[in-house]
Each structure stands twice: as C-alpha cells, then as structure tokens.
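Protein chains: 2
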Amino acid sequence: MGGSFALAARQAGLVGSIAGYSASEKTRQTAVQLQVIDQACSSVAQAVQGADLVLLAVPVGAMLKSFEAMRDVLSPTALLMDVGSTKCDVIAAAQASLGERLPCFVPAHPIAGKEVSGIEHADAALYHNRRTILTPLPCTDSVRLQAAHALWAEMGSHVSTMTPEAHDATFAAVSHLPHMLAFAAVNALSAQPQGAAYLDMAGPGFKDFSRIAASDAAVWRDILSANRTEVLTQAAHFRAALTQFENALTKGDSAALQQLIQQASALRAAWTLQAHTPRNTTSEA
Amino acid sequence: MGGSFALAARQAGLVGSIAGYSASEKTRQTAVQLQVIDQACSSVAQAVQGADLVLLAVPVGAMLKSFEAMRDVLSPTALLMDVGSTKCDVIAAAQASLGERLPCFVPAHPIAGKEVSGIEHADAALYHNRRTILTPLPCTDSVRLQAAHALWAEMGSHVSTMTPEAHDATFAAVSHLPHMLAFAAVNALSAQPQGAAYLDMAGPGFKDFSRIAASDAAVWRDILSANRTEVLTQAAHFRAALTQFENALTKGDSAALQQLIQQASALRAAWTLQAHTPRNTTSEA
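Chains as they are written, first to last, in the numbering used here: chain R, 1 to 285; chain V, 1 to 285.
Chain R on its own, in the form it takes in the complex:
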C-alpha cells in the first residue's frame, strides 16, 4: 500500500524526494532498487524528520508504536495519513500518542488492495478509479483535510468522508465479514479428510468466492481484532440469514428456498461496483 502510494504520488507529480522506512532491511533495499523511494531510512523518526507528507502504511495493530516513534520529529506543518482498513482504533491510537500533532492527522482508507503484499508488487495504478474514505476528527485541521482530499483525487481516487464509526460499521459489513467468511470456508474444507481432493475439483465460482481468503494474515488479524465488535455483529446477522437457508432445506420448503435465493440474486445482479457518489457519505469540495 505504501509503495503503491509512493509510485502514484510521484507519477502525479505530487512529491519531491521520497524517504521510506520499513522494519525489513530487504524491503528497504528493494524499495530503493525499484526506485519506489529515493532514500531508505533506518528508523521511523529519520524517515519522518523534515517531511511535508507522511504516509503510515502498517498493519493497524502497529499504528500506535509508529505514531509514538514519529511524534517528536513530525513537522508542525506536515500532513500525516494512514491507510488502515479500520478507523476508530487508529484514531484512538493517534489520540493517545500524537499530542499537539493530532491536528496534522487525516485518517484515510483507500478501498483498494491486492492479495499479494510486498514492495515488489507496488503499483502506481492501485488507487486509480477506486474509492478513498477520509474520516476526520473534530480537531483535524481543515486545510490538511482539503490537501488530503486533493492528493488522493490527483492519484485518480474518488474521495469521500464518513465518521469513523460509520466507516467501521460499513466495512465490517461489506469487507471484514466477507473476509472472515472466506477464511472460514477454506478452513472448513481443509478440516475434512477429503478436503484436498474436494479443492482439486473446485471451479471458477469457488475461485472468485475465495479470492479474498488469500489475504495477508497479519493485516487481517489486526483488522478483525480492531473492529471485532462490529464484525461479531455482522457475523450474527449472517448466521441468522444462513439459518433461514438451513431451515428451508431441513423442512424441504422449496418455495421459501427459492424466495431466499431470488432475494439475493436480484439484489446482487442489480449491484455494481461504484467508485462515485456513495449514498451515505458527503462529498468534499
């Protein structure tokens, strides 16, 4: 996510020199070799020192430590953003650690990603024609919020704002729970003695359904943990919906079964992936 941002920002002419830090020496070297960054730094503080723009792209569980590491060197005029998939917990970490620099922080969530992670998969087009959600705090500096909006828009992203709470409830429903269901579906197969043989026979439907189950474990551990209340609420809604199917099957009630499928099929057939004009958000600008 960070490497893609660096490439996209450079391609859009939005940045000068890019300094980068990763805990992995190999990632730092590769980032320089691939010209994703100009300079590899040996600490968060060194990378942040003197920067006009700071993008924090770490699993959400690692945000607090990173905020603490940059607080004392962050320029009072800097714009700081994250790319975390949950927002309430990242904001709590920022509030607990950034002190006077809290107004510099514009929480951001670009709705984009790949099942493959790592600097070698950095992609300048990752955020193009995708949605990016900003979830400002009451104390967020409005000039920085506008700058953040303009910056993501220049990279081809469609930008909108939500409250952190609405964001986390929404993405528990349409992203976090689906990931958990896909993980559980794969594990349910592998838990069976014939699981490997079953998987050999899976077709194109299973391929798409389970694609998100290949996502990074550390990243998704943190997302599900951070948003666990909303995720568990969505899991309960899902279980209730699944029970309706099981009951129809158990009773042999094929009319009820068809109605349940028809409801899902009609809704999903009418749905299209939108990057624009979300119904429940207000657009900046």
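Some hints here could point you the wrong way.
Same chains, same names: a pair is fine if it fits in one copy or spans any two.
Claimed, not checked - In silico lysine-lysine, DSS-like type, Cα no more than 25 Å apart, as pairs:
| id | residue 1 | residue 2 |
| --- | --- | --- |
| 1 | K251 | K65 |
| 2 | K26 | K65 |
| 3 | K114 | K251 |
| 4 | K114 | K26 |
| 5 | K114 | K207 |
| 6 | K207 | K65 |
| 7 | K251 | K207 |
I should point out that these hints are in silico values taken from the structure, not numbers from a laboratory. Note that this is a predicted model, so its numbers are computed, not measured.
Dock chain V against the given chain R, drawing on the hints supplied.
Only chain V this time, still in chain R's reference frame:
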C-alpha cells in the same frame, strides 16, 4: 447450458441437424433466430424422436418429467446426457422413469456456467478448458460412456469420471455451500436498515466474493434441495470453522486468530483452478 452445448457441438463438427425444445415459445424462436438450433419443436417427445444425441438441460427438479416425456420415443441407439449440478437425484429420476432406455443415459456435469442464463447468452466456448464429470451407473452402456467422453473432449472439456455419491459430496463442499453462503451474505446485508448504504461502499473484494450470489434462483433452489443432506453437512463444517473465528475475536486471542487466517491464506494462495488431472477421479482414456 443447452444452447452453449448446441453451439459448441456444431462448431466441433459433432452434430448434423439440431432440434430443440423449450417450454418458452420466446426461447424457441430466439434459438432458431440465433441459429443455435435448426428446428424448434413443440414438445420434448418431438425433439427427441429420431435423435442420435439428446442433451437435457433443465433445472434438476424438472428432470423426472422430461425423462418421462421422452422415454417412449427415445431411440434405443441414442446417447442421452444431462448437465445437472447434482447427480444422485438425477440418476434416481432416470431410474424411476427411463425403463429399458436407462443404459442410454450418461449423467454429466460440466463445471462451467454463467450468472446470466437464457438462450441469448449461449456461448460456444463455455465448456472449453473446463472440467466435465461423468457419473455412470453400473448399467450404463460402455460404448455410450466412451462416446460421451469423446464428445465433451472434442468440445475442449477435460473429462473425468466419479461415482454419483462422490460427485455430490465434492460439489456440496466446493460449489453448493459457497453459493448458499454468498446468498446468505447478501441477504444478511439487505436485512439491515443500512444495508443499501453499506452495499454502495462495497469494493472489489465483495464483488468477487458475492458474484455467485447472482445465480439463477430456480436452478439453485433445485440444486440445494436435491443435495440437501450433503449441503447441510457442509454448512455444519462451515459453522464450526466460523465459530473458531468468533471465539478468537471474543477472547481477544490474536495469536489464534492469526493462525486461523494464516491457514486459510496459505492454502488459498497455493490453490489454482485446475481443469486437468483431478486427484480423486480416474481418467477415461
């Protein structure tokens, strides 16, 4: 499925004149207009009379009635196949209705399809590089089994055989349950007051995960009903796997959570869609 078979068989030079029957007058007319079939018939019996090759492409719940309608006119030398996604119930229907013609029947399941149904979406390439499973009965004529194998192979499909029971258990796990989960996930969203707003914000992950939820309601009512014992068994495995995630979240056990995700992620990342050399089937030669 039937229209695609007609186009593919003609393209491969496997058939002469093609007669077709659909209960829908509009479908019959369109099939002739699009040159998918040469002649539209007004009944199953008329379409089957004198045919060397009969393909029955109806929802699995409608198979029995179709078998009954063709029994008395089916040529003793004909090859009869279906394309149903479940096999034990279709075979039971054939056994109950085909009488002396039962050896003519080679149960078939091409692992291919679209979320859009209807003759206007017929596609000569639908079965190309896809798997087709044949589930012969003990009484199935071996010459017809070989002919069925050759026919699907000529259309570019990779053909293998399984027992009907193994087929239904396998596809409950890798196809029928995933469809039911996708239907339930969409219904769980639409059951919530904010469901429409949530759906507006869904991204590419949700798009792929839920694609199969747009599938045809009558077709999937019949598949889930016909294979309900196996589907309910797979649903129970899935619930057990989901419970592990919910327990890890409830307890705040992030190590357990990461392990569960890692297991799914590693397996799914290593999995690829195969059309060849299934592990648990024997290949015809």
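Here is how each hint holds up against the structure:
no.	hint	verdict
1	K251 x K65	between (54 Å within a copy, 23 Å between copies)
2	K26 x K65	within (21 Å within a copy, 66 Å between copies)
3	K114 x K251	neither (41 Å within a copy, 29 Å between copies)
4	K114 x K26	within (20 Å within a copy, 44 Å between copies)
5	K114 x K207	both (15 Å within a copy, 14 Å between copies)
6	K207 x K65	neither (37 Å within a copy, 34 Å between copies)
7	K251 x K207	neither (31 Å within a copy, 31 Å between copies)
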